[in-house]
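Enquirer: Each chain is listed here by its residues.
Protein chains: 2
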Amino acid sequence: MGERRGLKGLQKQCSATMLLLHRAVVSAFRHACRFKSTSSKLCIQACSTNDSFQPQCPSLTFSGNNSSTRGWRVMGTLLGLGAVLAYHDHRCKAAQELPRIYTREEVRSHSSPETRIWVTLGSEVFDVTEFVDLHPGGPSKLMLAAGGPLEPFWALYAVHNQSHVREILAQYKIGELSPEDKAPSTLKTSDPYADDPIRHPALKVNSQRPFNAEPPPELLTENYITPNPIFFTRNHLPVPNLDPDTYRLHVEGPPGGQSLSLSLDDLYQFPKHEITVTLQCAGNRRSEMTQVKEVRGLEWSIGAISTARWAGARLCDVLAQAGHQLCETEAHVCFEGLDSDPTGTAYGASIPLARAMDPEAEVLLAYEMNGQPLPRDHGFPVRVVVPGVVGARHVKWLGKVSVASEESYSHWQRRDYKGFSPSVDWDTVDFDSAPSIQELPVQSAITEPKDGATVESGEVTIKGYAWSGGGRAVIRVDVSLDGGLTWQVAKLDGEEQCPRKAWAWRLWELQAPVPAGQKELNIVCKAIDDSYNVQPDTMAPIWNLRGVLSNAWHRIHVHVRANP
Amino acid sequence: MGERRGLKGLQKQCSATMLLLHRAVVSAFRHACRFKSTSSKLCIQACSTNDSFQPQCPSLTFSGNNSSTRGWRVMGTLLGLGAVLAYHDHRCKAAQELPRIYTREEVRSHSSPETRIWVTLGSEVFDVTEFVDLHPGGPSKLMLAAGGPLEPFWALYAVHNQSHVREILAQYKIGELSPEDKAPSTLKTSDPYADDPIRHPALKVNSQRPFNAEPPPELLTENYITPNPIFFTRNHLPVPNLDPDTYRLHVEGPPGGQSLSLSLDDLYQFPKHEITVTLQCAGNRRSEMTQVKEVRGLEWSIGAISTARWAGARLCDVLAQAGHQLCETEAHVCFEGLDSDPTGTAYGASIPLARAMDPEAEVLLAYEMNGQPLPRDHGFPVRVVVPGVVGARHVKWLGKVSVASEESYSHWQRRDYKGFSPSVDWDTVDFDSAPSIQELPVQSAITEPKDGATVESGEVTIKGYAWSGGGRAVIRVDVSLDGGLTWQVAKLDGEEQCPRKAWAWRLWELQAPVPAGQKELNIVCKAIDDSYNVQPDTMAPIWNLRGVLSNAWHRIHVHVRANP
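Protein chains in written order, with the UniProt record's numbering: chain W, 1 to 564; chain Z, 1 to 564.
In case anyone wonders, no lab produced these hints; they're calculated from the structure. Hints may contain errors.
Calculated pairs, BS3-like style, for lysine-lysine (alpha carbon to alpha carbon, straight line, at most 30 Å) [to be verified]:
1. W:501 - Z:501
2. Z:293 - W:491
3. Z:204 - Z:141
4. W:400 - W:450
5. W:293 - W:491
6. W:204 - W:491
7. Z:491 - W:293
8. Z:400 - Z:141
9. Z:450 - Z:141
Restraint-style ranges between C-beta atoms, simulated for each label pair [what the hints assert, rightly or not]:
10. Z:344 - W:360: 33 to 43 Å
11. W:459 - Z:328: 40 to 50 Å
12. Z:482 - W:105: 48 to 58 Å
13. Z:450 - W:563: 52 to 62 Å
Just some of the chain Z residues that point at chain W, by a computed CB distance under 7 Å [stated by the list, open to error]:
14. 475
15. 489
16. 533
17. 534
18. 541
19. 542
We put the beta carbon where it would ideally sit given N, CA and C, even for glycine.
Put together the whole structure using the sequences plus the hints.
Expert: What follows is the structure, given as structure tokens:
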């Protein structure tokens, strides 16, 4: 233990030194970029204890009166730090010559500032407690990896795969993983879910079996296109493991006509159509509705929504090849998945034939997601993508397509995914009395700051997403800092939308001054779509027993840091 | 004066007698229909003074213990009243032999219970004060005619044109109109609005010049199809007086193509297409938004919405004949009216070409409204009807149709009929920053009871309308009696809707028990459409400087009559 402590102490000393250098660099760099008119000081020191990280005296002081040259002076000073960094780098490397061995379980137990924050990269273990606040992407992003491997996150954000990032990380190394613990644990094969794919650790899991998970808010709107590994996953059954070579899609022909059995290669022969589409689960934001009164359903936060670039054959082309035409009477296209429960019942859903046959509705039999074959969790090898429509109709692991005069008889079409009055409970519900959800209503949510967070006084940056169903574009997002009394208009980011085909969300951002003296903010957002539909003010009047369609104003409460 | 008083006294005596007979008949008939289990009494008396209409002693008393036969006994009693009625009828007719002469102005001054309520039919004048409460259609309907002619209302409700109705009315005759006052007054010809048509007196006029008026709530939802004379009217300019024989519709061809000049007969050659469509002004319910904060615009109540059966040529057929095709780039169809201001500027608006060319969108060049040629106020001889879209695009007195790469440059397309954040005022508004309103959001309102009315304890009947833009069907209307804390589902009436083409409103009704002991009710309604969009809870967060898109929950407050 003594040796371990000594080693750790040395490492920590190195880390602490590097931390302070780092902190100074970051702070100085911020100064360089800002050119604030107040006199500024750059303070770098070497600190000899673990217990105090407060700068006590400036070992390198920068002060200037000419604000126009101040930034350049800071930059110059920073370049001068190279030698210092190299020296400490050398000392720390020396300290790592006798690596300490840890198990994955030990690493997992270090996931908070109180227990210290450890991560792994390959077989190496790092204590990044002191780096968290310095993480250029923000502390919360790094915390997602706390107690586990960095790789899944570095895979998402390629910026990490650079030598200088690895060099910074090396300062924090505290040991190695035990050899038998380097491969992820294998799953038991008796479990029907044993063959489910490995998931990204950043996903917030609402249910393991079937797997249902959402990206955390701080990652959700980092990218206009959601990276595949953190795209929200809504499975109803175990994930089938399908062989692309033997995969066939059965497309039933019209009465008297011929059915098709399409291989993947057959599907590739149809014109490839590529569109950006946001998918949202009907239960997105259910956890807020639960606060009104209990509902049945997974406790989705605001992340059961994601956006991808999908490519595949247009359903209308495939249906036309099978001999289907638009008929005068209302008809439906029924989809069946290749996922099934122990009784052999497959997931199923349907959409109106009119939508399926409309080239402008762009319904896809998608085989690509963000330029890759579909991940297994998202329907490999083929899923339906129905732009502007609730996720439940985007049937994954698609096995069969047919046309019928009635909606799909699937449980998920007829006995789920419908909206009801708040007065309807499980004793009185008549599922036939409500239409199945197809197009979704206008929606938006705040992803930054987090509910309950503390924000700086001065200015607050608020970010989020907004989307509406049916191809209706979001035309405005209003944000309030006072619970809805007064509003400001957010800036919409993201791709321009085609009229009537606004299938993808808009990300938005508002930088707003924090009213002086304010100790807390009740931040609210609401979106307006191009039919000028708006989100309702409150959740109780739209409460429903399944907790779907939860699209009232999103409200968060944050504290404002008191000025020193 | 003495003779007049004497005559009137005699007439009133007759009226009073008839009134009480009537009241008894109505009350007994209600009893006959209800079969309430409490003991019931039928009381008919002849009363000899004007001052007291309280039944003092029963001259004909009905009482029964066997509730299953009570109704039939009442009916039998009623039949026995025939002779009494005939006798009084004779006495009243005798009293009318020396008719008193009144001017229209005198009649107009009798329009409330305080001044007594007079109406005219043809040249006859009636004092119906005592009949108002007995009016089978309800007192409020009859009050719409107070101080004026009955004909416009009888024309709406053909049930009045029966001899027994005329006989009842005859009892209330008090005189004749002066001969020079029998024709409506003529308008001055120097006025640009002098040639405007005569309007139905039931219309609640928000502006005379240009003429803007809405039907009163009690008539609005009497019929699923709004009768032409009380269809809400939204004019921006004087009504042109167009000769159907020389009328021509100019349809500009595509570049290099040929333009069309279509007579009415030419339009009739296109396939005639007929659809039921609800039109709503963007400013409907503005008066509620005004209560939040002042806006610019006409003070529309809940009646700037009406429904008609429209027939005409499909715009897509006419555009196709002119050689237009759907193009890849976004284009717009611009409409110009033949109404114009003193500078010659015509009313104009546009819709996207994609909508115009879509046969399923059913955009019409309408020449018929409810089986009649368009009334002048509604665009005679031809107007545009754009199902699911704000009224402002349904250009009346249509003169010109053209296709352009940009929206119409009309004031009403670019500098009006747009929605903004509540934070935007006339100093900061940038009209180019918001899209022109096309599809409208989901809407509903309560037409019965009226705000501020007193309802009976026991049970309350609540009626109203609900509609959504873009062909989205209303799937549910929730009604609350407690300001939105609890909800009940209303019964939807009206025609079944085609999926995706629900162009017309649904009327709805709820009969709900009044909670015992309740002295007042805060009645609220909200509609949900098939994209599960809902109306927002409150008006302030959707307030906008033009007072458009006012679709928060409709709220009324009524008093409950105390039990005796």
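Enquirer: Taking the hints in turn, state whether each one holds.
Expert: Cross-check of the supplied hints:
Proximity of residue 501 (chain W) to residue 501 (chain Z) is assessed by CA-CA distance (about 18 Å); at most 30 Å being required, the pair is judged to hold. A hinted pair counts as satisfied when its Cα atoms are at most 30 Å apart, and residue 293 (chain Z) with residue 491 (chain W) qualifies at roughly 26 Å. Only pairs whose Cα atoms come within 30 Å are accepted, and residue 204 (chain Z) paired with residue 141 (chain Z) is accepted, the gap being roughly 13 Å. Among the hinted pairs, residue 400 (chain W) with residue 450 (chain W) is inconsistent with the structure: their alpha-carbon atoms are about 42 Å apart, more than 30 Å.
Annotation: proposed proximity of residue 293 (chain W) to residue 491 (chain W) is violated, straight-line Cα distance about 34 Å (limit 30 Å). Among the hinted pairs, residue 204 (chain W) with residue 491 (chain W) is consistent with the structure: their alpha-carbon atoms are about 28 Å apart, no more than 30 Å. Restraint check for residue 491 (chain Z) and residue 293 (chain W): satisfied, since their Cα atoms lie roughly 26 Å apart, inside the 30 Å limit. Proposed proximity of residue 400 (chain Z) and residue 141 (chain Z) is contradicted: the alpha carbons are some 41 Å apart, above 30 Å.
This hinted pair checks out: residue 450 (chain Z) and residue 141 (chain Z) have alpha carbons roughly 12 Å apart, not beyond 30 Å. Evaluation of the 33 to 43 Å hint for residue 344 (chain Z) and residue 360 (chain W) yields a pass: the beta carbon distance comes to about 39 Å. Against the hinted window of 40 to 50 Å, the Cβ-Cβ separation of residue 459 (chain W) and residue 328 (chain Z) comes to about 43 Å, which satisfies the hint. Roughly 56 Å separates the CB atoms of residue 482 (chain Z) and residue 105 (chain W), a value that falls within the hinted 48 to 58 Å.
A beta carbon spacing of about 55 Å between residue 450 (chain Z) and residue 563 (chain W) agrees with the range 52 to 62 Å that was offered as a hint. Look at residue 475 (chain Z): its Cβ gets to within about 6 Å of chain W, closer than 7 Å, so that hint holds up. The interface hint given for residue 489 (chain Z) is met, as the beta carbon of that residue sits about 5 Å from the closest beta carbon of chain W, less than 7 Å. Below 7 Å, beta-carbon pairs count as interface contacts, and residue 533 (chain Z) has one with chain W at about 4 Å; its hint therefore holds.
A least Cβ separation of about 5 Å between residue 534 (chain Z) and chain W falls short of the 7 Å threshold, and the interface hint therefore holds. Because the beta carbon of residue 541 (chain Z) sits about 6 Å from the nearest beta carbon in chain W, less than 7 Å, this interface hint is met. Given the 7 Å rule on beta carbons, the hint for residue 542 (chain Z) holds: about 6 Å separates it from the nearest Cβ of chain W.
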